[in-house]
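Each chain, letter by letter, is given below.
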Amino acid sequence: GAVVSQHPSRVICKSGTSVKIECRSLDFQATTMFWYRQFPKKSLMLMATSNEGSKATYEQGVEKDKFLINHASLTLSTLTVTSAHPEDSSFYICSASRSTGTNSPLHFGNGTRLTVT
Amino acid sequence: QQPVQSPQAVILREGEDAVINCSSSKALYSVHWYRQKHGEAPIFLMILLKGGEQKGHDKISASFNEKKQQSSLYLTASQLSYSGTYFCGTAIGGAQKLVFGQGTRLTINP
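Protein chains in written order, with the numbering used here: chain A, 1 to 117; chain B, 1 to 110.
In isolation and in its complexed conformation, chain A is listed as follows:
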């Protein structure tokens, strides 16, 4: 079964509003979670690393004030797209690993398809 839950799966919002996406690790604690963005038929682009109890680490070119990340507990990270615009429409996917280090697989949520009208 799924080990990472993401909600909502789809959201449509009006331009200028904010949208919050939740990512939960279901049966393990995740001190680190990762947020990706994917355009149609394109690759997964890493946006930021969500760190429990501290500030997120953003990749180059990702606006931290636009994409607010909060990792308030060991099982929950949230991504808030603030003042959304049509160009923010995309597929957002979170992921987490059961353990630290590069030898542990990432488990992905089912993604959130955001449409900004």
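Listed next, the in silico BS3-like pairs over lysine-lysine satisfying Cα-Cα at most 25 Å (straight line):
| id | chain 1 | residue 1 | chain 2 | residue 2 |
| --- | --- | --- | --- | --- |
| 1 | B | K67 | B | K26 |
| 2 | B | K55 | B | K67 |
| 3 | B | K37 | A | K42 |
| 4 | B | K37 | A | K41 |
| 5 | B | K26 | A | K42 |
| 6 | B | K67 | B | K50 |
| 7 | A | K66 | A | K41 |
| 8 | A | K20 | A | K42 |
| 9 | B | K68 | B | K50 |
These aren't lab readings, by the way, just hints derived from the structure by calculation. Remember, predicted model here, so these are calculated numbers, not experimental data.
Guided by the hints, dock chain B onto chain A, whose structure is given.
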């Protein structure tokens, strides 16, 4: 930093074999392989950790050449269920975060 995958797309008949390559200009600590079906989350296939390591399960296997900074995914006697987009992910600088290649779209026809 993004690894480069080739080919970009492959079309096979059921039962045929395919090889997907992943190469990086940076030193690799590990290589992950995932498969994603349309509209779904990527599913983990395998991780390769050491240079020269080979892994496999069922008819899907992979190799990792650390010196050449590349990995290959082998799909033999392909099944319809193998269709999807395959991504390699590389851990840069020993960090846990993964950077993914652009993907290889695999289509299996009956």
